[in-house]
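Protein chains: 2
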Amino acid sequence: MAPVKNAKSVFAAIPEDYPVPGKHIVYDDKDTIDPDTAALNGGVLVKVLFLSIDPYLRGRMQPSNFSSYIPSFELGQPLVNFGVGVVVRSEDKAFKAGDHVYGLIPFQQYIIVPGAILRVLPNTHNIPWSVYVGSAGMPGMTAYAAWNEYADVKPGDVVFVSTGAGAVGSLVVQIAKMAGCKVIASAGSEEKVKFMKEIGVDVPFNYKTENTAEILKREGPINVFWDNVGGETLEAAMDNAADGARIIACGAISGYNTGTKPIHNWDIVFRKSLHIHGFIVSRIQDKYLDSFYKEVPEWIATGKVKIREEIAEGLEKVGDLFVAVQKGYNTGKAVIKVADE
Amino acid sequence: MAPVKNAKSVFAAIPEDYPVPGKHIVYDDKDTIDPDTAALNGGVLVKVLFLSIDPYLRGRMQPSNFSSYIPSFELGQPLVNFGVGVVVRSEDKAFKAGDHVYGLIPFQQYIIVPGAILRVLPNTHNIPWSVYVGSAGMPGMTAYAAWNEYADVKPGDVVFVSTGAGAVGSLVVQIAKMAGCKVIASAGSEEKVKFMKEIGVDVPFNYKTENTAEILKREGPINVFWDNVGGETLEAAMDNAADGARIIACGAISGYNTGTKPIHNWDIVFRKSLHIHGFIVSRIQDKYLDSFYKEVPEWIATGKVKIREEIAEGLEKVGDLFVAVQKGYNTGKAVIKVADE
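Taken in sequence, the protein lines are chains A and B. For the first sequence, counting from 1, position 67 maps to 67 in this note's numbering; every step adds exactly one. For the second sequence, counting from 1, position 25 maps to 25 in this note's numbering; every step adds exactly one.
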């Protein structure tokens with residue numbers, strides 16, 4: 001086989017606020033690769049099929065000396081995130097051509113990586129491969145592991161989920177309903193509100209047209225707040241929390257691009273005996289790996305859990321989809337389809 | 001016995017910021033009582049000996065419709081807080097004349113209260129009665145119960161205590177040392193720094209003359225932050241927390257009089273997987289009551305735990321001592337001695 005193009009999506013510059021496609025995230029198709037002959041050095045050649053675009057990625061667009069739980073992207077190199085691919089060739093005995101694999105991988109059409117970063121996906125339930133970067137991937141594990149670790153609910157508890165139509169939030173909502181909770185959830189468009197209704201949210205609302213604090217006051221007090229937003233939404237949740245409520249601090253997209261929003265009602269933390277659990281999914285997932293892959297793909301296959309994807313085709317679309325996710329313009333789990341099998 | 005004066009310290013007006021003695025807290029000696037004949041209505045007549053002045057009391061100086069974990073003081077009525085007294089007469093069989101009792105009681109020389117709000121103090125270890133409103137009372141229980149409930153330390157963990165010379169903080173410090181931790185603690189005067197050295201603090205410092213963030217950066221990262229302060233101190237602790245650190249949110253005196261201080265680095269909560277536990281001691285103390293009264297008075301009697309009190313004589317002093325505690329000017333656990341036995 002002659003060399004083929006091996007396009008990539010590169011982290012080209014550090015953004016000040018929202019990244020700009022073509023400036024901070026650049027599509028580059030100058031590389032080539034010969035899949036038949038490229039040296040593997042003991043590793044695995046993977047043809048990349050799907051790549052995930054997640055809110056947290058903005059946090060990796062920092063100078064290289066920025067201290068965080070995960071290193072910054074390397075300037076001039078491809079972005080890196082969870083993806084699914086198919087093995088073309090392997091010098092690692094744990095993988096064979098045709099295996100579908102999942103891992104934290106570079107944004108490029110063909111990659112040569114150590115087998116240690118990959119997990120073979122048996123896909124017993126025959127769900128679409130793209131779902132393994134969504135509800136059956138890192139975002140799903142985020143919802144599943146942290147809910148089981150921290151929510152501590154009993155039937156009838158009131159749960160509020162911000163970004164309830166998102167990749168993480170929509171699974172939180174559905175797990176909370178399985179646990180017998182009353183679920184309030186917010187999102188930023190009527191279309192997302194409609195989806196939240198479909199997945200069983202008792203009180204779905206559009207935070208752009210309705211007042212979050214008023215709704216929580218009317219429908220609360222809340223026993224669990226799953227926070228993907230921070231800022232004023234978090235303040236409203238604290239003001240309307242029940243005594244002893246749990247706040248699961250998953251993220252705070254209100255501050256990712258324009259600076260962390262201050263919290264003005266800290267006194268509520270002790271006044272209401274709140275328990276706040278911040279987490280990074282990679283630190284808590286190990287004990288849930290087996291049950292997650294046993295339960296969640298089946299839930300999706302049987303329709304017990306509904307999902308919604310927004311799939312853009314081609315690495316050229318990475319920049320636009322990335323910004324859409326930061327601004328909440330995507331209408332489902334944001335996925336880049338890199339190639340057909 | 002003829003009627004005697006029955007002076008009291010009254011909540012007279014709602015303060016905007018720091019309360020002013022004589023305006024918001026007023027000494028009033030117009031009441032009288034005849035201890036021999038006053039009607040008890042099934043209750044207990046107590047001669048009050050010691051009353052506690054604690055930081056949290058500022059939170060009870062709110063309009064009556066203010067929603068909190070504890071009702072506001074009633075305008076025109078005596079302040080109420082933990083105190084120790086001696087029973088003069090009782091119509092409740094659980095109490096007899098001469099018993100020393102502890103409870104949440106009005107600021108007046110003689111009080112008639114239901115027995116249900118009182119606890120008899122056996123004082124097996126013969127420590128001063130005043131200590132039962134300090135390290136062997138609510139502030140001590142605050143330290144003891146929340147430490148046992150939330151600190152989750154192993155030897156060598158680094159603990160930071162704000163107000164390390166205070167009634168609560170000084171016991172936290174000493175319990176943390178018993179657990180084999182390295183203890184950093186802050187206070188607002190050289191004299192308090194000296195006391196913190198005496199009780200075993202490894203890194204005592206004066207936050208008014210040294211930079212909290214620099215010290216935490218040098219001596220941390222910290223595994224547990226015991227927060228009595230909030231505001232910038234809390235922000236500095238979060239910035240210098242270890243991954244998975246616990247923050248025990250006991251109070252936030254930086255905001256009690258002048259408004260809650262905002263927290264600007266909320267993103268640290270998930271970046272560092274912090275676990276924040278707000279609490280109100282009355283909600284968590286039940287399971288610790290027996291072990292607390294078994295252990296802590298003995299620790300004090302044997303000198304295993306050191307205490308420091310600032311005792312002001314007479315209900316006339318309530319206003320001044322109250323303000324001193326809000327401003328951090330007191331040099332030990334603030335106690336009003338109401339009467340000799």
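Hints are computed from structural coordinates only; laboratory data are not their basis. Glycine included, every Cβ here is placed at the ideal spot set by N, Cα and C. Some hints could be false.
[What the hints assert, rightly or not] Residues from chain B that face chain A, not an exhaustive set, calculated with beta carbons under 10 angstroms:
#, residue
1, 26
2, 68
3, 177
4, 277
[Unchecked claim] Using 16 angstroms as the maximum straight-line C-alpha spacing, the simulated EDC-like pairs for lysine to aspartate or glutamate come out as follows:
#, chain 1, residue 1, chain 2, residue 2
5, A, 30, A, 316
6, A, 47, A, 320
7, A, 261, B, 313
8, B, 261, A, 316
We went through each hint and held it up to the structure:
1. Because the closest C-beta pair between residue 26 of chain B and chain A is about 27 angstroms apart, greater than 10 angstroms, the hint is violated.
2. Given the 10 angstroms rule on beta carbons, the hint for residue 68 of chain B holds: about 6 angstroms separates it from the nearest Cβ of chain A.
3. The beta carbon of residue 177 of chain B is not positioned within 10 angstroms of any beta carbon in chain A (closest approach about 24 angstroms), and the interface hint is therefore violated.
4. Contact between residue 277 of chain B and chain A, as hinted, is supported at the beta carbon level, the nearest pair being about 6 angstroms apart and thus within 10 angstroms.
5. Distance restraint check for residue 30 of chain A and residue 316 of chain A: the Cα-Cα separation of roughly 13 angstroms lies within the 16 angstroms cut-off, and the hinted pair is therefore satisfied.
6. Restraint check: the Cα-Cα separation between residue 47 of chain A and residue 320 of chain A comes to about 23 angstroms, which exceeds 16 angstroms; the hinted pair is violated.
7. The suggested pairing of residue 261 of chain A with residue 313 of chain B is violated, with an alpha-carbon distance near 47 angstroms, which exceeds 16 angstroms.
8. Simply put, residue 261 of chain B and residue 316 of chain A have alpha-carbon atoms about 45 angstroms apart, too far for the 16 angstroms limit, and the pair is violated.
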